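Number of protein chains: 6
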Amino acid sequence: MPHISFEGPKLTKEQKEELVRKITEVSTSVLKLPKEAFTVVIRENDLENVGVGGELLANKLKK
Amino acid sequence: MPHISFEGPKLTKEQKEELVRKITEVSTSVLKLPKEAFTVVIRENDLENVGVGGELLANKLKK
Amino acid sequence: MPHISFEGPKLTKEQKEELVRKITEVSTSVLKLPKEAFTVVIRENDLENVGVGGELLANKLKK
Amino acid sequence: MPHISFEGPKLTKEQKEELVRKITEVSTSVLKLPKEAFTVVIRENDLENVGVGGELLANKLKK
Amino acid sequence: MPHISFEGPKLTKEQKEELVRKITEVSTSVLKLPKEAFTVVIRENDLENVGVGGELLANKLKK
Amino acid sequence: MPHISFEGPKLTKEQKEELVRKITEVSTSVLKLPKEAFTVVIRENDLENVGVGGELLANKLKK
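Protein chains in written order, with my numbering: chain A, 1 to 63; chain B, 1 to 63; chain C, 1 to 63; chain D, 1 to 63; chain E, 1 to 63; chain F, 1 to 63.
Calculated from the structure, these hints are not laboratory results.
One or more hints might be untrue.
No distinction is drawn between identical chains; accordingly, a pair holds when it is met within one copy or between any pair of copies.
What the hints assert, rightly or not - No more than 30 Å apart at the CA atoms, straight line, and that leaves these computed lysine-lysine pairs for DSSO-like: (1) K10 to K62; (2) K32 to K62; (3) K60 to K13; (4) K35 to K62; (5) K35 to K63.
Note that the coordinates shown come from a computational prediction; the quantities given were computed from them, not determined experimentally.
Bound conformation, chain A alone:
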């Protein structure tokens, strides 16, 4: 604890490394807890599995 879940698009390994490092850094500074307390889970979603405004991103971004 704390547990952070990042729900978003497909990412490269480099992006995941940077995201986990930076999110943990800022969270550590705000909560004044040791960084080992923080878990970050990245959930990559197909554009076909995400809808915004009633439309799949897979279709929305094709326009």
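Using the hints provided, position chains B, C, D, E and F relative to the given structure of chain A.
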């Protein structure tokens, strides 16, 4: 915001389109918010990763 | 299963009733599963606990 | 309801069967609800998608 | 990691203690990981915020 | 989308403001998406609702 996550079985793209459209429509009508405010994430699960009543659906549905 | 979580603002009981009924209806029609299979959980959030575009909704909506 | 989500590493089918059975058993005994009321969803994560202490488990476990 | 979230009704402190202890014990035995690796979060829901079969549990259980 | 949920302890409003701002900033820089695309939801948990290593934090931190 609002953020809706739909955790269920594998779906076809047509089902995802219809689900996102209709869930957004009914949510928009109930909350009186613009449809662009709504995000829907569909999480498809293998039957081997879901248990009901203490048994994997993969085994339960084979019976 | 399926399990639907609706993460949004505070709602009245009437809105919750309508949301649960309508989301279950459209989901039942799309997945062709009996309505008893569907669980909907509504998570109400304080505007102070939700950030969009880097700003708490509690502050954003005051402007 | 209740809905239990287990977010962890890749598991074998046997582990999933045992996990679902045992988690449902102990939850049933504590809540005194019929086991059919319980749903367990297992989310398997790549080590590249999980960060602990600011570092991806994929890198951390290589050391 | 692993992170287990238990979404259910209001519980007493004793039930929470027993649930956390027992879920961690069985998970530890199945995954062969040290118990310190496991986090369990209990989310208590009002019956007015949970719908099963298209109806709020608050109304369903009154019948 | 992306949707970030931060599951942790009780926080002050100032901490929430800083957390939302900084998490959005770093996420924007890594994903190269406009900050308006990012939603952050903060879930505050009682220490009695979180277990680590099989024990409620409410009890663990009393020792």
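Now the hints, each set against the structure:
no. : hint       : result
1   : K10 to K62 : both (17 Å within a copy, 23 Å between copies)
2   : K32 to K62 : between (44 Å within a copy, 19 Å between copies)
3   : K60 to K13 : both (26 Å within a copy, 14 Å between copies)
4   : K35 to K62 : between (40 Å within a copy, 19 Å between copies)
5   : K35 to K63 : between (42 Å within a copy, 18 Å between copies)
The structure shown violates none of the earlier numbered hints.
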